[in-house]
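Enquirer: Letter by letter, the chains look like this.
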Amino acid sequence: MRYTARKILTLLVTMLVVSLLTFAAFDMISGDPAATLLGTQATPEKVEALRTEMGLNRPMLVRYGEWLAGFFTGNLGVSFQYRQPVQALLGPKMLVTLCLSLVSFVLIVVVSLPLGLLSANGKLDGLHTFLNQFCMAVPPFFTGILISWCFGICLRAFVPGDFPGLDRNLGKSLVYLFFAAVSIAIPRVAMTVRMLRSTVISEMNKPYVRTAIARGNDRRQVLWGHVLKNSLVPTVTFLGQTMAEIVAGSIVVEQVFSVPGLGRMLVASISSQDYPVVEAIVVILAFWVVLSGTLADLVNRCIDPRMGGIGK
Amino acid sequence: MKKRNPYLTVGLVMTGILTALIVLGFFWTPYDPNAMAAGPKLTGPSLAHLMGTDSFGRDIFSRVLKGAGTTYGIALCTVAVGAVCGTVLGAVTGYFGGIVDDVLMRLGDVLTAFPSILLALVVISLLGPGKTGNVILALGLVFIPSFARMARGTYAGLREVNYVKSARLMGASSSRILWRHILPNTWSVLLPALTIGFNNAVLAEASMSYLCIGVTPPDASLGYMLSESQGMFMSAPWYALGTGLTLVWMVFGVGLIGEGLQRRGGGEV
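Residue numbers (the UniProt record's numbering), protein chains in the order written: chain A, 1 to 312; chain H, 1 to 269.
In case anyone wonders, no lab produced these hints; they're calculated from the structure.
Please read these numbers as outputs of a predicted model, since none were measured by experiment.
Each residue gets a CB set at the ideal place from its N, CA and C atoms; glycine is no exception.
Do not rely on the hints blindly, as some may be mistaken.
What the hints assert, rightly or not - A partial selection of chain H residues facing chain A, derived with a Cβ cut-off under 10 Å:
no. : residue
1   : Leu12
2   : Pro40
3   : Val81
4   : Val84
5   : Val88
6   : Ser227
7   : Arg263
Start from the sequences and build out the full structure, keeping to the hints where you can.
Expert: The structure is reproduced here in structure tokens:
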């Protein structure tokens, strides 16, 4: 219980620091939104009046506090570019990115866990390593282009560039997202398999395995009965990192497949220097990253209650 | 005792070929990479145009040579920035310890949890997108924490080793111990980390220019060329294939070198 509380406290503090840094950074560079809004023809008095009206002449920390309060009450400010409340812009996009991330995550887990265990028999080391390094070398956007061509244009499984929309056609959208998820998943699957393989192999070389085999168990029994449990903790930690990396993958892959998600919005807003939107998306993604790390820690604590007692 | 290490050999050969081609492309390319109508439009690979031509009649092989050079160069600069700053930071904090060490490493823990492309995008949006210098700076900054963390781990581990203690007793200065005594013993960890850093840098740079917020034309990089080729995939698939496979070749080669170095160092696979 104390462990959980401490983890959640750390999570909150980290989020606070991250959001403060983001806010301060964008506050520094974004110049004067009032002047930007009014354009070049504005008189200094008008700009000053709008600054007062928007509350820009108050200290940064006060505005940060307000922004943070707004973040939790669902008020993220107004986009420079679209002149719309940010939360209205981001709501549907968040859902799309969440779906894409979940599909990718499930795909990675379903494919890499069996592959990792299969490859952990220690044979064909060279082949595994070459294949692994190769899969890690293929950038998601290149896979994305190849997949759109092969499955989209040749096999007509989906129409590249034409995302149906989750609310209009859920089934078709999921198929569409599945193909995008494959290109995110390939390098991550390679990494997960590699991690799992080396974890299981190094567990298999430990004395308790030798003892178990000496007592007459065969390799399979030892693998399923003892080794898997002990390999679980590093795997969960790794999957936590994977959740974070998927977000990074989706930023690029959403662009390849024209999926209207947060990543695509982020890139577009960076290009058009729409700082309120960039700020909101960065904080949302950061929250996702920190949350997945904390979740992994908490799950590990359930698996192995010794964790968090001493040291970490 | 000496085991065969095909990874290192294959990796070095692959990277060597690519580096030679890039150096060649620096001085000479078959055609001007940006010249329109260097040949007929949209022709497939042939002897005159090794990777074909695009819809403007530009020679793709020449473009790939230049683009690979840009990507390669940026990745090298990035790794240099990240590795030098990170290692110095990690070495000093790891060796001396104390509260600065605690704070910096806590910060490093948080930063390394973030995917590098996300951090790089934040930094690039702060610095302003579309400039080569900013891309290097953004990516370099992003790679500092991971190098710092690694260096810190090794230096903290070697702080109380006998040869360091005896050097200290002999009156060696701290900087001499850090530089001459401990650094040579970190190579087995540092070198594979450099290759991994290089690959991450290549992929991050390519992703950013694919998203059109990294390097902008006329300095085409492989990522930007891929985004360009996506539009003409139907009419000139060799453009995307040539560009993408060059990128894969680059990362694969260096990845194998890293694998080989790791195994030679006797580290965990």
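Enquirer: Each hint: holds or not?
Expert: Checked hints:
no. : hint   : result
1   : Leu12  : violated (14 Å)
2   : Pro40  : violated (23 Å)
3   : Val81  : violated (20 Å)
4   : Val84  : violated (24 Å)
5   : Val88  : violated (23 Å)
6   : Ser227 : holds (8 Å)
7   : Arg263 : holds (9 Å)
In terms of the numbered hints stated before, the structure departs from hints 1, 2, 3, 4, 5, listed from lowest to highest.
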